[in-house]
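Colleague: Please take these sequences and the hints and turn them into a complete structure.
So the protein sequences, as listed, match chains X and S.
Residues in the first sequence are numbered consecutively from 5, following this note's numbering.
Residues in the second sequence are numbered consecutively from 1348, following this note's numbering.
Think of the hints as simulated: they come from the structure by calculation, not from any bench.
Among the hints, a few may not be true.
[Said to hold, decoys possible] Label-pair distances were calculated between CB atoms; the ranges are:
#: 1; chain 1: X; residue 1: 152; chain 2: S; residue 2: 1407; range: 27 to 33 Å
#: 2; chain 1: X; residue 1: 196; chain 2: S; residue 2: 1711; range: 39 to 45 Å
#: 3; chain 1: X; residue 1: 96; chain 2: S; residue 2: 1606; range: 54 to 60 Å
#: 4; chain 1: X; residue 1: 111; chain 2: S; residue 2: 1498; range: 34 to 40 Å
#: 5; chain 1: S; residue 1: 1497; chain 2: X; residue 2: 119; range: 53 to 59 Å
#: 6; chain 1: S; residue 1: 1635; chain 2: X; residue 2: 76; range: 40 to 46 Å
Beta carbons: idealized from backbone N, C-alpha and C, even for Gly.
So you can see what is in the structure, the chains are spelled out below.
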Amino acid sequence: MSATQPFVFLGCLELNELLPQEAHDARELLDQIALVPIESIFCHTSASLLRRPVLAEAYPNDFALWVGSEIRDVRLAERLAGVDAFEAGSMERVREELIAIISDHLQHLGAAPPRTQGKRFRFFQIHLVPVPTGHQARTLAEFRDALAEVDVSALFYHTIEARYRSGRGRGDFAEWVGGALGLAELAERLAHIDPHAGSLERIRDRHLSVLTDALPGGDF
Amino acid sequence: MAQGSLVKLDDYRQVAPRGTIDFLMRIGERLRGRRIVHVNASRYGGPVVEALNRVVPILSDLGVETTWEVTIGTADFDQVSRAVSKALAGTEQVITEVMLARLRETGVENARRLQLDADLVMVHDAPPLHLVEERTDAARWVWRCHQDLSSAQPQLWNALRPIIQRYNAAVFSLARFAAPLSIPRFIVYPSIDPLSERNREMTRAEQAVQMDRLRVPRDKPILLQVGPFERQHDPLGVINAYRLVKKHHDVRLVLAGPSPAPGGDVLGDVQEAASRDPDIAVIVLPPDPQVELNALERAATIAIQKPLKADFTIEVATAMWKGKPVIGTIAGGIPFQMVVNVTGYTVETVEGAAFRIRQLLSNPELIGRMGAAGREHVRRNFLVTRRLSDYMALLAHLTR
Chain X
5 MSATQPFVFL GCLELNELLP QEAHDARELL DQIALVPIES IFCHTSASLL RRPVLAEAYP
65 NDFALWVGSE IRDVRLAERL AGVDAFEAGS MERVREELIA IISDHLQHLG AAPPRTQGKR
125 FRFFQIHLVP VPTGHQARTL AEFRDALAEV DVSALFYHTI EARYRSGRGR GDFAEWVGGA
185 LGLAELAERL AHIDPHAGSL ERIRDRHLSV LTDALPGGDF
Chain S
1348 MAQGSLVKLD DYRQVAPRGT IDFLMRIGER LRGRRIVHVN ASRYGGPVVE ALNRVVPILS
1408 DLGVETTWEV TIGTADFDQV SRAVSKALAG TEQVITEVML ARLRETGVEN ARRLQLDADL
1468 VMVHDAPPLH LVEERTDAAR WVWRCHQDLS SAQPQLWNAL RPIIQRYNAA VFSLARFAAP
1528 LSIPRFIVYP SIDPLSERNR EMTRAEQAVQ MDRLRVPRDK PILLQVGPFE RQHDPLGVIN
1588 AYRLVKKHHD VRLVLAGPSP APGGDVLGDV QEAASRDPDI AVIVLPPDPQ VELNALERAA
1648 TIAIQKPLKA DFTIEVATAM WKGKPVIGTI AGGIPFQMVV NVTGYTVETV EGAAFRIRQL
1708 LSNPELIGRM GAAGREHVRR NFLVTRRLSD YMALLAHLTR
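Modeller: Right, dumping it as structure tokens:
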């Protein structure tokens, strides 16, 4: 099977901008989360995947990591780690969830929240510049082969950033496989690959595995 | 214009993450015709010059017309520059109005002389800072600060901040090094060049020759700290950690650093402490010791970085690139280069360092595993290919 519209792989350049907002404890973290640009919430939740090492750290977003490692509030860290930016649908919804969790935690704390003795939380925002990688595909086999070769930022752009850009709740890969190739079941399998699985390379491997399973030794 | 190197972007295919080189070429196509000029105050020596030597020709190869200009100044300007750099790094200096005027005059004079016609003008560090006073609005100007400004001398910072705020943006190596500014502040980590003399692959035979030249036997595990023989790099603390380890493991300690400037160093104390132990080697490195350090880092079993105060300390990444676990303090950029408990350990005390060294020596498989994880971590985050990408992102973002 060949698609009329080829899939054009885009990678992305990233530029990290340091914002003036900082936090030394959970109360300040709450105040600043309410204030920072929405791109900053994206930077510290979904986009933390761009920086995740091959062996994933304990928690999947920067807020939970900082609360766990710097102010050593494991209970709050675990609750923040539970915020699923990929399920939430929008970054504003993620912001609301973060605010609700920290507010509730502070209400039940009964004492002043502990302050960091080490690193303060510094807020960033991320600027992404999409750039064509030069790879495109019309068949599933071409798609798999290109996916194995592209810069890892293409995985981020098409599986993570796309969810917010398009507002569809699933990435570009699943959308193209389901729409242009008409492979609805395979599209569902791609859409359900867990972005929390680890690094972007691991997400690539999961995609390749699913695609290879769907290719019984020949082209579609 | 400074001379470039013969290394081509294609040579990095063997070491960069998959897809990276092709992607850089695509980015270059998109930015083709745009121009960057880098300006600094020196053509020779130091990590900024090393990086520019590599970055400038490769960016040009990619289609981004990139040049490198160097400011010139009188001997008293060089003195002022050194004092200003020290004061920005937090070492108290006497900076007079006359000195500030010299800094400004030299900057303005150079601005009239240098070829600064570009889409992006990137000015490195404080000495050429005043170039921006002669800027035209056509270009975007970026101040690239490689120093830690977190404890800059307040009076000097107050004098320089209005000048810096005439730039369109500032770039720092770490968030903790950045000072408050009203312009956008971006973070670009330093990087290592995997094809440089310091980091290129080295045969065992060549390594052996270098180690023999440095008179370091390879008969037992080697603990290595590379860094200046200064109190803030705590070489004596490293010796004390080694002594705690030595009760349990037969190891050798190598402390290697540049020849210290007179005053303020602890080389004499280090040599005295090492004089009664043949398993401690204190090596005062020759100028430009790239090959020597390459050999030492490859021969090491564990790399140590135990400064009390530090800059980015890219030596962490250079050791990790050679597959070595790193035991480091939380000073400067050290913890930002490591994945703690995966590529090495952070410690705060002599005892902590000794404990982690013993832990690794008792678990050789952990040394291999951490070393391999460290090399991969550097491959993805601290190679010069990533810096090229960051600079092109800056160009794309600021000139969009």
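Colleague: Now tell me if each hint is right for this structure.
Modeller: Going through the hints against the structure:
no. : hint                            : verdict
1   : 152(X) with 1407(S): 27 to 33 Å : holds (31 Å)
2   : 196(X) with 1711(S): 39 to 45 Å : holds (41 Å)
3   : 96(X) with 1606(S): 54 to 60 Å  : holds (58 Å)
4   : 111(X) with 1498(S): 34 to 40 Å : holds (38 Å)
5   : 1497(S) with 119(X): 53 to 59 Å : violated (19 Å)
6   : 1635(S) with 76(X): 40 to 46 Å  : holds (45 Å)
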